[in-house]
Structure formats: C-alpha cells, structure tokens
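*Asks:* Here are the chains, one letter per residue:
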Amino acid sequence: MSTMEGYNFAYLDEATKRMIRRAILKAVAIPGHQIPFGAREMPLPYGWGTGGIQVTASILGPQDTLKVIDQGSDDTTNAISIRRFFRRVAGVATTEHTAEASIIQTRHRIPERPLREDQIIVYQVPQPEPLFRLEPRRAETKRLHALADYGLMHVRLYEDIARLGHIAKAYDYPVMVNGRYLMSPSPIPAFDNPKMDRMPALQLFGAGREKRIYAIPPYTEVRSLDFEDHPFRPIRAPHACALCRSTDTYLDEVITDDAGGRIFVCSDTDFCAERQAAAAPKEAAE
Amino acid sequence: MTALTAGFADPVLDAQATFRAVLEAMSRPGRVQRAGAGLRPPGPLNAAAAAVLLSLADADTPLWLDAGAEAEAWLRFHCGAPVVAAAGAAAFVLATRAAPALASLAQGSEEEPQQGATLVLQVAGLEEGAGWRLTGPGIAHEHRLRVAGAPPGFVAAWAANRAAFPCGVDVVLCAGEHLAALPRTVAIAEG
Ligand SMILES: [Zn+2]
Numbered sequence: 001m002s003t004m005e006g007y008n009f010a011y012l013d014e015a016t017k018r019m020i021r022r023a024i025l026k027a028v029a030i031p032g033h034q035i036p037f038g039a040r041e042m043p044l045p046y047g048w049g050t051g052g053i054q055v056t057a058s059i060l061g062p063q064d065t066l067k068v069i070d071q072g073s074d075d076t077t078n079a080i081s082i083r084r085f086f087r088r089v090a091g092v093a094t095t096e097h098t099a100e101a102s103i104i105q106t107r108h109r110i111p112e113r114p115l116r117e118d119q120i121i122v123y124q125v126p127q128p129e130p131l132f133r134l135e136p137r138r139a140e141t142k143r144l145h146a147l148a149d150y151g152l153m154h155v156r157l158y159e160d161i162a163r164l165g166h167i168a169k170a171y172d173y174p175v176m177v178n179g180r181y182l183m184s185p186s187p188i189p190a191f192d193n194p195k196m197d198r199m200p201a202l203q204l205f206g207a208g209r210e211k212r213i214y215a216i217p218p219y220t221e222v223r224s225l226d227f228e229d230h231p232f233r234p235i236r237a238p239h240a241c242a243l244c245r246s247t248d249t250y251l252d253e254v255i256t257d258d259a260g261g262r263i264f265v266c267s268d269t270d271f272c273a274e275r276q277a278a279a280a281p282k283e284a285a286e
Numbered sequence: 001m002t003a004l005t006a007g008f009a010d011p012v013l014d015a016q017a018t019f020r021a022v023l024e025a026m027s028r029p030g031r032v033q034r035a036g037a038g039l040r041p042p043g044p045l046n047a048a049a050a051a052v053l054l055s056l057a058d059a060d061t062p063l064w065l066d067a068g069a070e071a072e073a074w075l076r077f078h079c080g081a082p083v084v085a086a087a088g089a090a091a092f093v094l095a096t097r098a099a100p101a102l103a104s105l106a107q108g109s110e111e112e113p114q115q116g117a118t119l120v121l122q123v124a125g126l127e128e129g130a131g132w133r134l135t136g137p138g139i140a141h142e143h144r145l146r147v148a149g150a151p152p153g154f155v156a157a158w159a160a161n162r163a164a165f166p167c168g169v170d171v172v173l174c175a176g177e178h179l180a181a182l183p184r185t186v187a188i189a190e191g
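Chains as they are written, first to last, in our numbering: chain A, 1 to 286; chain B, 1 to 191.
One thing to keep in mind: the hints can contain errors.
What the hints assert, rightly or not - Computed spacing ranges between beta-carbons, pair by pair:
#1 B:A189 <-> A:E228: 46 to 56 Å
#2 B:A59 <-> A:K169: 41 to 51 Å
#3 A:F227 <-> B:R97: 47 to 57 Å
#4 A:P231 <-> B:G43: 37 to 47 Å
#5 A:T247 <-> B:G191: 45 to 55 Å
#6 A:D229 <-> B:E190: 17 to 27 Å
#7 A:F227 <-> B:A156: 33 to 43 Å
#8 A:D149 <-> B:R97: 16 to 26 Å
#9 B:A189 <-> A:I255: 39 to 49 Å
Stated by the list, open to error - Capping the alpha-carbon separation at 20 Å, the derived lysine to any residue pairs in SDA-like fashion look like this:
#10 A:K211 <-> A:E14
#11 A:K211 <-> B:E112
#12 A:K142 <-> A:P43
#13 A:K211 <-> A:R156
#14 A:K142 <-> B:E112
#15 A:K142 <-> B:A164
#16 A:K142 <-> B:D60
#17 A:K211 <-> A:P43
#18 A:K169 <-> A:K211
#19 A:K211 <-> A:R143
#20 A:K211 <-> B:F165
#21 A:K211 <-> B:A164
#22 A:K169 <-> B:Q115
#23 A:K142 <-> B:G176
#24 A:K211 <-> B:D60
#25 A:K211 <-> A:F132
#26 A:K211 <-> A:P136
#27 A:K211 <-> A:R223
#28 A:K142 <-> B:S109
#29 A:K211 <-> A:A146
#30 A:K211 <-> B:E111
#31 A:K142 <-> B:C167
#32 A:K142 <-> B:Q107
#33 A:K169 <-> B:E111
#34 A:K169 <-> A:K142
To be verified - Derived list of chain A stretches under chain B, where covered just means 3 residues or more per stretch with a C-beta under 8 Å from a C-beta of chain B:
#35 30-37
#36 65-73
#37 125-137
#38 230-243
Hints listed in this document are in silico derivations from the structure and should not be mistaken for laboratory results. What you are looking at is a predicted structure, and each value in this text was computed from that prediction instead of being measured. Here a beta-carbon is modelled for each residue, glycine too, at the ideal position from N, C-alpha and C.
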C-alpha cells in the first residue's frame, strides 16, 4: 500500500481509532447528543478541521473514495491539504465529484447534489455547543441538554424578531434533532439546513479543539428552530449563478475587479461545473 | 488448554471493515451486515461477535461475558479488555446464553447517556424482510428483521429501554458471520 512510511494506516494509532469509533457509535445511537472524546494532536493546526480529520481517519478504509470541500470548493488550500494528507497516510482514492465520493469531509457547506445512502458526510465543527454564546459554562449547558431546556435559544431568536423583524442567524442556525437535542449544524449557511432533514446519508460531526463528536443517523428529522408566526426560511442571494444560471443553489459573491464589479456564482464548484458541462453541448447546438 | 486461535489476519484493516459494518448496522437498524469472515474464535463465541469485540473493546472498556473460560482467555489475549464480574459495570456485555436483563446493564445518565452499555447478543439467526417491524432514526419507513433465538420477553424489555431515552442500552445482534444493530432509539413491533 502506498501509505507514508512510519505511520499507521490513516495516521491515528489503533487505540485512538477504537476510542473515536466507540464515540461515533454512541453518537449515532443518541442523535444530536455531543460525546466527548480524547482528541489527538494532528499534524495540522486547529481551524484546519482536526475534529473532522480525526472522524474521517477513524472511519476511512482502502475501499473509500474521499472528497474534501471547504466552503463548497474542492480547490482551497485547506481542502487540498486534507485530501493530500489522506492520500499519503491512507492511500485512498480522492475525487472532486460528489457523486463519486463514499466519504465527504466538509467545512461550511453541504453539497447541492442530494447525498445517497452509500455516502457519509463528515462536518468540521469549530464550536459544537449551540448554547455556547448564551451560556459559556460547560457544566450548565450539559444540564440544559439533559433537561432539554432550550428556552435560552428561543429567547435569543425571538429577540432578533422583536428587534429586526426576522432571525438574524445566516450561518450555524440551530436545529432540533429527532425532536430531542438542540444541535449546531456547524457554520453551514442556513440555506443548507433543510438538506439535513431526513438525509439518506449518515452525518457525522467532529470538533477537534472542543473534543466533541455528534451524529445524525439517516432519515432522521432535523428541524430548524422557528416560531409559528416566523417560520424558518432558507436564504440565498436573489440572483442566478453567473456561470451555470442556477436559481436554486447557494451563491457566493465574487469581486471581479478593482472598480467594485461583482458577480454571483455557485459556492458548490463541482455542482456548478457539472451544470455548465451539461448545458454546453445544448448551447453549442443552438 | 489448547493454543489460542488467531485474531484478525490484518488487525488494522479488519478492525476498520468490522467497524464500518457495525456503523452501518447502527445507522440503519435492522439491515443485516457481514463481519468476522475467516475468524475461528472458540465456542460458543461466534465470528461476528468476536469481530465486533476485537474491533471495539480494549483496556479502556470493561467487559462482561458468559461465554466460558476459553472464549474469555481468547478475548483477554486479543482485546486486553478487563473482565468484570458485574454486568452492570461493563461497557461491553457479551451474551451467548440467557442474556442479562437490559435494565441490569449500565444505562448512562441524563447528562452522560453515552455511558449506556453495548450488549453484544448472540442469536441463532438474522433475516431481513420478515419478523419484527422496526421504525425510528436510520429507517426511511420500516425495516423488517427476523431474529431467531431472541431472549424471551425481549420486545417488552426493549420498549422499556427505549422509553428511557436518552439513557439506555444499544444492542448488536450477532449470528454466525452476520450482525444487525438496535440503537436505543429504534421502536420494535412484533411482526
Ligand atoms: Zn453555478
């Protein structure tokens, strides 16, 4: 196998993998509940997705094909580094195509292409505790989760509505998992939240610095918090993608010149490229 | 005592493959997975249960078992898990005969429900498409699972286990080289 000399398969030692695997299994059995684990130092700094990397390293096998995205893109330094890391330490195949991947590690997006039963998505999580900004004491948030007492979060969201007329959270918009646990979806845009609901793929979440793992099993109800008179609305920029003309994908604003010119393009580069490729022959024939 | 049979032929990759089978089983309750092909553990330990413990149990996970001295020696050697006398103190409980009551196993607490035990329960057979009707997280509509040789009263005991959510016990059913899982969230109705 073409793995890096002197390292165990997928970098982590077997005892660490077992510990993380046990945490993952309990996370699946208790959807949305954060499980502490003994995170290891990784050869990449925090903020580079060390939690996601440890989860990926613990589930990955030689049969897998790995895709890594950062804000929807396969081409950022972060995504390229993580992909290269796993090619080196596990010898696994990598891909930029969502449809070809068996494991997708992501920072801040869910691919536009619906995920399948034979795929696993691993989210990199900087702050796993949805109540962190409202209650910084860890012992207290544990107690609130035990009691399913999420009044603090409802009050926080309702204050937004009272002040601004809408809920101001565009990212990391809190969700209820299987009607029991309040969960941070990681800093994905709220636009992506509905994709989590009853997703056929298994969803795993790894927070390296905070040393927490949590999960959403397939086909599990994930509901964005809202109010009867202010239902949750996934937001996107009201434009068509400048490259593929999609009107239902999440868009990034891109500055095109020093004069303040700007365009909107799909944040999911693979999805956008596939749409452009599919449209190209048709347009050529026209 | 006879010499111990071998553990995993490839400890790293076989553990990974077994873990993925258990993960898939736990994520999709009632779907039957394969594990332990090629393992020859001492009886009454079956191949799937042996593989599950080889891949997940170690010095950090107290183990309770009713499988006799030979299987105990085999698991001690290959996993290094400390064997405990009280099932309620174990992280992994291996039942090959009359299973201990679910309620007698570690349940976890409201704050630490992940401390609930994993029961590795050997049964005579597992078959998809008939038998119990399973619903809950991991299941789009309904999965059917026929379990040959489930302990008497299991379905009623399971309902009590599920009602204690988030506390409770998770079960990995093992038959030969097959396994299926029952996370504490799953609802079981008799077929
Ligand atoms: Zn596009």
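*Asks:* For every hint, state whether the structure bears it out.
*Replies:* The hints, checked one at a time:
| no. | hint | in the structure |
| --- | --- | --- |
| 1 | B:A189 <-> A:E228: 46 to 56 Å | violated (33 Å) |
| 2 | B:A59 <-> A:K169: 41 to 51 Å | holds (44 Å) |
| 3 | A:F227 <-> B:R97: 47 to 57 Å | holds (54 Å) |
| 4 | A:P231 <-> B:G43: 37 to 47 Å | violated (59 Å) |
| 5 | A:T247 <-> B:G191: 45 to 55 Å | holds (47 Å) |
| 6 | A:D229 <-> B:E190: 17 to 27 Å | violated (43 Å) |
| 7 | A:F227 <-> B:A156: 33 to 43 Å | holds (40 Å) |
| 8 | A:D149 <-> B:R97: 16 to 26 Å | violated (43 Å) |
| 9 | B:A189 <-> A:I255: 39 to 49 Å | violated (58 Å) |
| 10 | A:K211 <-> A:E14 | holds (18 Å) |
| 11 | A:K211 <-> B:E112 | holds (15 Å) |
| 12 | A:K142 <-> A:P43 | violated (30 Å) |
| 13 | A:K211 <-> A:R156 | violated (26 Å) |
| 14 | A:K142 <-> B:E112 | holds (9 Å) |
| 15 | A:K142 <-> B:A164 | holds (18 Å) |
| 16 | A:K142 <-> B:D60 | violated (24 Å) |
| 17 | A:K211 <-> A:P43 | holds (16 Å) |
| 18 | A:K169 <-> A:K211 | violated (25 Å) |
| 19 | A:K211 <-> A:R143 | holds (18 Å) |
| 20 | A:K211 <-> B:F165 | violated (24 Å) |
| 21 | A:K211 <-> B:A164 | violated (26 Å) |
| 22 | A:K169 <-> B:Q115 | violated (34 Å) |
| 23 | A:K142 <-> B:G176 | violated (40 Å) |
| 24 | A:K211 <-> B:D60 | holds (18 Å) |
| 25 | A:K211 <-> A:F132 | holds (14 Å) |
| 26 | A:K211 <-> A:P136 | holds (16 Å) |
| 27 | A:K211 <-> A:R223 | violated (25 Å) |
| 28 | A:K142 <-> B:S109 | holds (11 Å) |
| 29 | A:K211 <-> A:A146 | holds (19 Å) |
| 30 | A:K211 <-> B:E111 | holds (16 Å) |
| 31 | A:K142 <-> B:C167 | holds (14 Å) |
| 32 | A:K142 <-> B:Q107 | holds (17 Å) |
| 33 | A:K169 <-> B:E111 | violated (28 Å) |
| 34 | A:K169 <-> A:K142 | violated (23 Å) |
| 35 | 30-37 | holds (count 4) |
| 36 | 65-73 | violated (count 0) |
| 37 | 125-137 | violated (count 0) |
| 38 | 230-243 | violated (count 0) |
The structure fails hints 1, 4, 6, 8, 9, 12, 13, 16, 18, 20, 21, 22, 23, 27, 33, 34, 36, 37, 38 (numbered hints given earlier, in ascending order).
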